[in-house]
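Chemist: Sequence:
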Amino acid sequence: GLGAGVRVPVSFVVEDSTSWKVAIVAGLLLLLVAAAAVFWRRRTKV
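Position 17, counted from 1, in the sequence shown is what the working numbering calls 39; the numbers after and before it change by one each time, with no gaps.
Keep in mind that the hints are not guaranteed to be accurate.
[To be verified] Quick list of the computed label-pair ranges, beta carbon to beta carbon:
| no. | residue 1 | residue 2 | range |
| --- | --- | --- | --- |
| 1 | SER39 | VAL68 | 38 to 46 Å |
| 2 | VAL44 | ARG64 | 26 to 34 Å |
| 3 | LYS43 | ARG63 | 24 to 32 Å |
| 4 | LYS67 | SER39 | 40 to 48 Å |
| 5 | ILE46 | THR66 | 25 to 33 Å |
| 6 | LYS67 | ILE46 | 30 to 38 Å |
| 7 | ALA45 | ARG65 | 27 to 35 Å |
| 8 | THR40 | VAL68 | 41 to 49 Å |
None of these hints come from the bench; they were simulated from the model.
Keep in mind the model is a prediction, meaning the values are calculated, not measured.
Glycine included, C-beta positions come from ideal geometry on N, C-alpha and C.
Let the sequences and hints guide you as you build the complete structure.
Modeler: Laid out in structure tokens, this is it:
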């Protein structure tokens, strides 16, 4: 029924937590690179 149709995708998404970890790590890496770039630009300017 409807409950099963909703339950299957939800359980699949929850079990597939590796994708969430990869997304979080990628976001953190992007932030780190952006911060490093800004810091490096300011450092080279001065």
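Chemist: Run every hint past the structure and note whether it holds.
Modeler: These are the hints, each one checked on the structure:
{"no.": "1", "hint": "SER39 with VAL68: 38 to 46 Å", "result": "holds (43 Å)"}
{"no.": "2", "hint": "VAL44 with ARG64: 26 to 34 Å", "result": "holds (31 Å)"}
{"no.": "3", "hint": "LYS43 with ARG63: 24 to 32 Å", "result": "holds (31 Å)"}
{"no.": "4", "hint": "LYS67 with SER39: 40 to 48 Å", "result": "holds (42 Å)"}
{"no.": "5", "hint": "ILE46 with THR66: 25 to 33 Å", "result": "holds (30 Å)"}
{"no.": "6", "hint": "LYS67 with ILE46: 30 to 38 Å", "result": "holds (32 Å)"}
{"no.": "7", "hint": "ALA45 with ARG65: 27 to 35 Å", "result": "holds (30 Å)"}
{"no.": "8", "hint": "THR40 with VAL68: 41 to 49 Å", "result": "holds (42 Å)"}
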